[in-house]
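Participant: Single-letter residue listing:
Protein chains: 4
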Amino acid sequence: METKIKKIAILTSGGDAPGMNNAVRAVVKQALANDIEPFLVYEGYKGLYYGNIVSAKNINVDAYVSKGGTFIYSARFPEFKELKTREKAKDNLLKMGIDALVVIGGDGSYMGAQLLHELGIKTVGLPGTIDNDITSSDFTIGYDTALNTIVDAVEKIRDTSDSHNRFLMVEVMGHGSGDLALYSGLATGAEIIITNEQTMTKEEIAEVVKNQIYEKGKRSVIAIVSEFIYPNLKEIAAYVQEKTNVISRAMALEYIQRGGRPSAQERIWATLMGIKAVDFLKEGKSGIAIGVTNSDVVATPILKALQAPRKSNKAKTIKFNKLNQA
Amino acid sequence: METKIKKIAILTSGGDAPGMNNAVRAVVKQALANDIEPFLVYEGYKGLYYGNIVSAKNINVDAYVSKGGTFIYSARFPEFKELKTREKAKDNLLKMGIDALVVIGGDGSYMGAQLLHELGIKTVGLPGTIDNDITSSDFTIGYDTALNTIVDAVEKIRDTSDSHNRFLMVEVMGHGSGDLALYSGLATGAEIIITNEQTMTKEEIAEVVKNQIYEKGKRSVIAIVSEFIYPNLKEIAAYVQEKTNVISRAMALEYIQRGGRPSAQERIWATLMGIKAVDFLKEGKSGIAIGVTNSDVVATPILKALQAPRKSNKAKTIKFNKLNQA
Amino acid sequence: METKIKKIAILTSGGDAPGMNNAVRAVVKQALANDIEPFLVYEGYKGLYYGNIVSAKNINVDAYVSKGGTFIYSARFPEFKELKTREKAKDNLLKMGIDALVVIGGDGSYMGAQLLHELGIKTVGLPGTIDNDITSSDFTIGYDTALNTIVDAVEKIRDTSDSHNRFLMVEVMGHGSGDLALYSGLATGAEIIITNEQTMTKEEIAEVVKNQIYEKGKRSVIAIVSEFIYPNLKEIAAYVQEKTNVISRAMALEYIQRGGRPSAQERIWATLMGIKAVDFLKEGKSGIAIGVTNSDVVATPILKALQAPRKSNKAKTIKFNKLNQA
Amino acid sequence: METKIKKIAILTSGGDAPGMNNAVRAVVKQALANDIEPFLVYEGYKGLYYGNIVSAKNINVDAYVSKGGTFIYSARFPEFKELKTREKAKDNLLKMGIDALVVIGGDGSYMGAQLLHELGIKTVGLPGTIDNDITSSDFTIGYDTALNTIVDAVEKIRDTSDSHNRFLMVEVMGHGSGDLALYSGLATGAEIIITNEQTMTKEEIAEVVKNQIYEKGKRSVIAIVSEFIYPNLKEIAAYVQEKTNVISRAMALEYIQRGGRPSAQERIWATLMGIKAVDFLKEGKSGIAIGVTNSDVVATPILKALQAPRKSNKAKTIKFNKLNQA
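Protein sequence lines correspond, in order, to chains A, B, C and D.
As numbered in the UniProt record's numbering, residues 1 to 326 make up the first sequence, in order.
As numbered in the UniProt record's numbering, residues 1 to 326 make up the second sequence, in order.
As numbered in the UniProt record's numbering, residues 1 to 326 make up the third sequence, in order.
As numbered in the UniProt record's numbering, residues 1 to 326 make up the fourth sequence, in order.
Take these hints with a grain of salt, some might be off.
In this list, chains with the same sequence are indistinguishable; a pair is considered to hold if it fits within one copy or across any two.
What the hints assert, rightly or not - Here are the simulated SDA-like cross-link-like pairs (lysine to any residue), alpha carbons at most 25 Å apart as the crow flies:
id	residue 1	residue 2
1	Lys-7	Lys-322
2	Lys-90	Phe-139
3	Lys-202	His-175
4	Lys-243	Ser-312
5	Lys-311	Ser-295
6	Lys-234	Tyr-42
7	Lys-234	Thr-135
8	Lys-7	Lys-202
9	Lys-316	Phe-280
10	Lys-202	Asp-107
These are computed hints drawn from the structure, not numbers from a lab.
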């Protein structure tokens, strides 16, 4: 039953992430290598609804192999929750003879893919988000590049903090997942790492700063903090400065974390997942989420993927803080 | 009279800047190459006052050739305005037989060098700040690296803005000088560049965003804005979003702009200026500021350097905006 | 029996690799966090023999968190194969009360660790080499950074090849393992990937170049080739140029592949492995090789690790070539 | 007479260089901003001859602001030396109503522009080459990025050389100009810098290596050598190794030097020169070479530009060697 798929469309949805372009490229090229015609849907589910769909046959997808963001764009489109909207999207695909769709995005995007699957479109989801918050995959497309971006930024901040004998609090993204904070903290030797599962009071923070500067003789202290934990980092920094007499500042890295040239691993895994998406569709699979588990690209039913419990970073946060403060 | 200088000390002062380490290294090595003993003063004028001065003879300064920040540290020390403080600093130098001092920093640091010169210490100032706001030099040590850092960051932000069809306002440093905003705006093709001499109202900003997105068909709009102009960029972004229906965000790059590996030009000019500082001291010069004018390393009396008028960026800001909006 | 270890030494051996410094740092800090005194052995087994061993207690290992190479140096030392040499090395450790040793390096270094284990020293091996040729670990310390370096270099080469309509052959390291070629080829979309298990004749190479340029309309063709396969790449390029009329060049990336700031993943896994090395030694384990299997840090007896068969890249090389040529 | 120019074409010629795309973009956008229609000529003079010329009106030139190489391609075309060839090229321009041409390239490309000028086409040359060998400009488009690329590569090589206590010879481009070697050597602290005007015998090289390693206690020695000086660097390295007992290697950076994202300064100056090209053409100027002199964008008659004498790097090579060996 392998050869039934004739045309595959692909879209990106949710927040952009480096590596999305590599996944799109892999789907296009693996389709071509299997005599399937690839199509690009611009602006995610919104484009699906409005019929913004073009053949990728003559598009040079190789040109995007080193480009951040998503060259087929993304957009918010809450209207997709309505059945009528989805049915129009389905019709748009069928009108063009497209029987399968690859969706790259986060949990919300997966839900859209599941609902289209229930309407009869063959769908596969790929985990695309820098936040590493998709539990059905060991890591997500975008995560490795964002980690490298944060590491680079924190090291620039370390230069200044060392020069001026300071405490710097740096807020990073994560959308509820502490992985970006936890592992960028490990990678940079941040003396303080704060994730959702292991937070600290401002008094505790001041205590560590005091200890690191005055007891351990550190020239500077860096705290990496997951977003959405503290309402105002600058206030905490002001408190720490007052308590410790160490000049203290706070900042957020914000939008620099989402863009940028994809790292080598990003490209490799995004490409491997894109290849697998086509392979699975060829096998007739649908309603599945692709992910990396134990260094292997595997598939899970989307419904199951959405219910997978999130691992807590509590123990690791404690352990890495201990290491970095030693 | 050339050979009178036996020992030269060096310090960094004010905000850290990439390339400071290359200037320090050049002073140390050019001193050694001329049989002069080099000394490092840690923590700027504060270290000079407290006698935190060590011979650089056995310090491997080459190790810092690619390192951001300043490895001899910097510190605020307003007490240096008092004569008594400066006299103690002078005594610290004389006690160690040091007759000359190289100061790397901004205008405030130059003033300290001038006052020490008036006390009889031979002093030379080098322009060290990312802000490019020292009028006696075509550019300052740190400026080129900071420009590259901003360009990198803005391009990451562009990826996300393109993906999501957005307007992004990015605040950059400059400390009253618009050069970082102006030239990073030119380098990245930012559709809006705002410097102190050529600002825009929020209404005007909204107008450009509307034109670029809806008339010119741009996928995204970036504004690069000098610091200290608007009290709250996020409010302006909210206004623009309301007026244009283009999703709009604002952020500041903050401390990532000051650190980082020095660029090639940074190292080259910092090294050339460091060499020249030693050469001038050998010639008996003192109370001078070193800078680059017309691609040449030259010296100006510090008092004159401090009075040089700042060039206005008004005409260039208008011109570059016109180009980038074309 | 946990607390018997009082002092742990660490050395790096074989070719240097980014991330080695992070592993050293992790061993030092995890030791300190567990009240074990860490020692650094300079220049690998050579330093062990000559007693070049110092306490790391007062060494600021955090300073090397972003530094390539190995700050405790490496050296060739074939003399370590002799029993007398190893016994002196053992004595040097025992004299200083050091009862455990962590060795970071490749297979040859592991053998040294095994032999010391047989002499009664508790030893643990960490996989440190850019070549990813240690079969007991899914990847080695240094591999991810080298991949990123190759990707960056190939993209620069792509710029020139695109501009001038050329075929470029790029030789990369690997020491018999094709992983660097295979995965950098996947990451960059190299039209030709050649690994030891799947080579091509010059006639076949010319055929692909012809097809890609004249049939597929590619502006340039890149071949990534593992080292030690062809005696002279430039001759092959000359042949291809003659046969295809496409200007063809060949070059080797050589030593730029081994150095450089460690990537985020490099630091993370090197640190996790370094932590685990101390944890295992605390548990009384010895003669073991640490590696990453299925995203987990695990231990294997060194003798078993050295015998693990190498996976063939043949099928993947074929598959990735097909994708990139599609 | 200002408004006579209605259409301007642009081409890139000779070796590609980062920043060429920024110059092309600036010409296009400055033309648009002045109601002039811009045209792109693909593949340099070859495309001019074959009529490969398209309007840039609807091409998104902003997309290339951060891209290396030249997106309008380059090609060798010695046939342009023949008058008949040039007359056909001229006719191609006139047929499309194009009365002015901007040429980005090196000396050879300038000569082509001069000959077209003599045929009545208004021409302006911009200095595009990484080699910095165009004497009518203080620096060329591509030079700054290539310098940064070399500095990055040399620092990776330094990591390995330090780890293994080695001497490494690194050959860099320059095409007869020593600037890339000279200034990358200054920027990286290379112990040996060899330019065309100041070479060393292998005996002298061995002497410096011996002194730096055994007297100065350096862990490694790097030599940066301009291309085309020694027939075989590997032989020299072998000689040095034999004489000094320091393991010695040699390599060439080759094609990685020409590609890559343009640096901030590259983009800025390429853009300023591109703007000026249009401004000069609007003023009716022709047969001129644009360059940067004393931090200002200026024009010189091409014939004069081609005759400007090259400055010798001899004294600077000696001076920088002395500094780096101190």
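Participant: As a check of your reading, is Lys-7 near Lys-202 (CA-CA no more than 25 Å) within one copy, between copies, both or neither?
Facilitator: neither (56 Å within a copy, 36 Å between copies)
Participant: How would you label the pair Lys-202, His-175 (within, between, both, or neither) given a Cα cut-off of 25 Å?
Facilitator: within (22 Å within a copy, 31 Å between copies)
Participant: At most 25 Å between CA atoms: does that hold for Lys-311 and Ser-295 within a copy, between copies, both, or neither?
Facilitator: For Lys-311 and Ser-295, the Cα distance is within 25 Å both inside one copy (18 Å) and across copies (14 Å).
Participant: With identical chains treated as interchangeable, where does the CA-CA distance between Lys-243 and Ser-312 reach 25 Å or less: within a copy, between copies, both, or neither?
Facilitator: neither (31 Å within a copy, 43 Å between copies)
Participant: I want to check one pair: Lys-234 and Tyr-42. Are their C-alpha atoms no more than 25 Å apart within a copy, between two copies, both, or neither?
Facilitator: neither (39 Å within a copy, 29 Å between copies)
Participant: With identical chains, the pair Lys-234 and Thr-135 could be close in the same copy or across copies; at 25 Å between alpha carbons, which is it: within, between, both, or neither?
Facilitator: Answer is neither: 32 Å inside a copy and 33 Å across each miss the 25 Å cutoff.
Participant: Under a CA distance limit of 25 Å, which applies to Lys-202 and Asp-107: within one copy, between copies, both, or neither?
Facilitator: Answer is neither; intra-copy 33 Å and inter-copy 37 Å both fail.
Participant: Checking an output row: Lys-90 and Phe-139, CA cutoff 25 Å. Within, between, both or neither?
Facilitator: Result: close neither inside a copy nor across copies, 30 Å intra and 43 Å inter.
Participant: Please work out whether the CA atoms of Lys-316 and Phe-280 approach to 25 Å or closer within one copy, between two copies, in both situations, or in neither?
Facilitator: Classified as between; 17 Å across copies, 35 Å inside a copy.
Participant: Given identical chains, is Lys-7 near Lys-322, meaning Cα to Cα at most 25 Å, within a copy, between copies, both, or neither?
Facilitator: between (53 Å within a copy, 19 Å between copies)
Taken one by one, the earlier hints fail for this structure at numbers 2, 4, 6, 7, 8 and 10, listed in ascending order.
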